[in-house]
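S.K.: Here is how the chains run, residue by residue.
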Amino acid sequence: MKYVVALILGLIIGAAIFAVGIVYNPFTGDRVLSPLSVTDAQVIVLQFSPVPAESIVYTNNGESVPSPYPEKVSQLWEAPIRKTSAMATIMRDARNQPAGIGLKISSQSESTDLLRGKAIIDSIWYIYTPQHGSMFIQQTENYLPFVQEVAFPAWRSSANSWRGTWIGNTTSGPGALGTAAVSGGSGRVKGLDLDGVETLTVRAFSADTGFVAAEGQLLIELPELSDDTEEVLVR
Amino acid sequence: MPDLASELTSGGSVLIRTFFVGIVLGLVAAAGALYAIPVVDQTREVSITKVAPNGGNVEIFRIDIPTDRVMVGSPGQAEPVPPGMQWPNVDELAGVRTEMFKVRNARGLVIGVAIRNAATHEGQNVIDWVLHFPARGSVFANMDPAPREGGYRIGGFRAGSREFAALSGSMTERWVANTTEEEGAPAGHIELQAIYVGELEPLDLAEDSVE
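Top to bottom, those sequences are chains S and R.
Numbering-wise, our numbering puts 79 at position 79 of the first sequence, and it's gapless, one number per residue.
Numbering-wise, our numbering puts 169 at position 169 of the second sequence, and it's gapless, one number per residue.
These aren't lab readings, by the way, just hints derived from the structure by calculation.
Nothing here was measured: the structure is a model prediction, and the numbers come from that model.
Built from N, CA and C at the ideal position, the CB exists for glycine as well.
Take the hints with a grain of salt, since some may be wrong.
[To be verified] One side of the interface only, derived from the structure: several residues of chain S facing chain R at Cβ under 8 Å: (1) Leu11; (2) Ser64; (3) Ser67; (4) Pro70; (5) Leu76; (6) Ile81; (7) Ala88; (8) Ile90; (9) Ala94; (10) Ile101; (11) Ser107; (12) Arg116; (13) Pro130; (14) Val147; (15) Gly164; (16) Ile167.
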């Protein structure tokens with residue numbers, strides 16, 4: 001009997017060691033430098049707040065963290081959309097002035113592979129700014145570095161919260177260099193196929209309520225433009 | 001007389017070995033489980049498509065109004081949807097009406113989330129749709145702002161992801177008023193008809209030729 005107990009205890013501890021190894025694996029979760037942060041090309045900079053209470057609307061299945069905002073927003077509880085969240089927010093330019101509207105829809109991805117360090121979210125953005133026109137951004141985002149360095153420490157802390165400064169690119173594809181695919185739909189970006197990267201800066205996070213203090217940024221790289229169109233640019 | 005101390009040591013050693021074997025098995029079992037069992041498994045509804053007479057596949061979606069409205073954002077709304085929403089009062093959103101909906105398939109089951117944006121800026125009208133299906137991918141369509149005879153609009157796919165990445169095609173939107181007198185029935189629904197056309201791939205004539 002004691003051997004069975006020892007074996008079961010070993011199995012449990014082995015599984016626990018594996019779980020800890022996944023969270024603290026030093027070989028995964030590198031916050032790679034964005035190719036757009038070192039580009040010479042001109043970029044559109046759009047900033048937003050990922051904090052639900054600072055957005056216009058945020059909704060999910062109503063059971064996940066964070067809670068929908070405002071309280072009476074319709075929740076995405078039906079089975080095919082239960083693992084999806086949606087947000088509408090004001091987008092600001094590099095000078096922090098309102099630039100337009102942005103809507104982000106994110107779904108947990110079946111390409112998630114924790115063994116290979118991938119906690120993937122399939123997400124899309126629809127952005128409309130009078131200055132640039134409408135844009136559609138599709139990307140895969142890897143949140144494992146965020147989970148390892150922010151969410152898990154917040155969950156472990158006695159206050160269920162985390163404070164500090166975490167900066168990371170969440171975009172991991174589908175571009176070969178880990179960039180998002182941006183398609184211009186109207187206005188000055190109509191017909192353009194561009195690259196983009198989403199960056200997250202987190203200063204406070206609660207395991208109970210989600211982002212407390214955080215900023216998001218989208219960098220969209222523009223192709224070589226003629227002199228006439230350079231004034232389009234924000235930076 | 002048996003050596004009690006050595007028996008205990010031997011038994012303890014086996015016990016410790018069993019414990020360590022358990023740890024190894026636990027590691028292997030956890031890794032195997034993580035490899036074999038998907039962490040995320042999205043619920044799928046079968047796609048209901050028909051073959052179009054002139055090529056391509058047709059899929060019809062519907063959005064019941066007001067049931068499927070998640071958000072309606074435009075300046076100066078007396079009753080915002082959802083209640084309590086604060087639409088930003090900024091010049092950049094002056095001519096913008098942005099809506100978010102749940103999308104249903106032809107059987108009336110919710111399968112995704114949609115965005116419709118209508119904007120007017122410097123005399124130019126923009127109407128865009130984005131359809132997002134968690135298990136399949138997303139489609140971005142640009143509509144012709146001018147409605148056709150019969151009150152519907154037509155547009156083309158601009159981009160897509162995953163299942164829709166390799167497809168081109170068109171989409172029509174039209175409002176269908178509810179004519180039944182059932183209590184609690186929606187006022188009507190938006191019907192979206194998507195026509196998917198696969199990318200043409202050039203035939204390798206050398207390979208296909210009869211020798």
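S.K.: Can you give the numbers of the hints that this structure goes against, from lowest to highest?
M.R.: Violated: hints 2, 3, 9, 12, 14, 15, 16.
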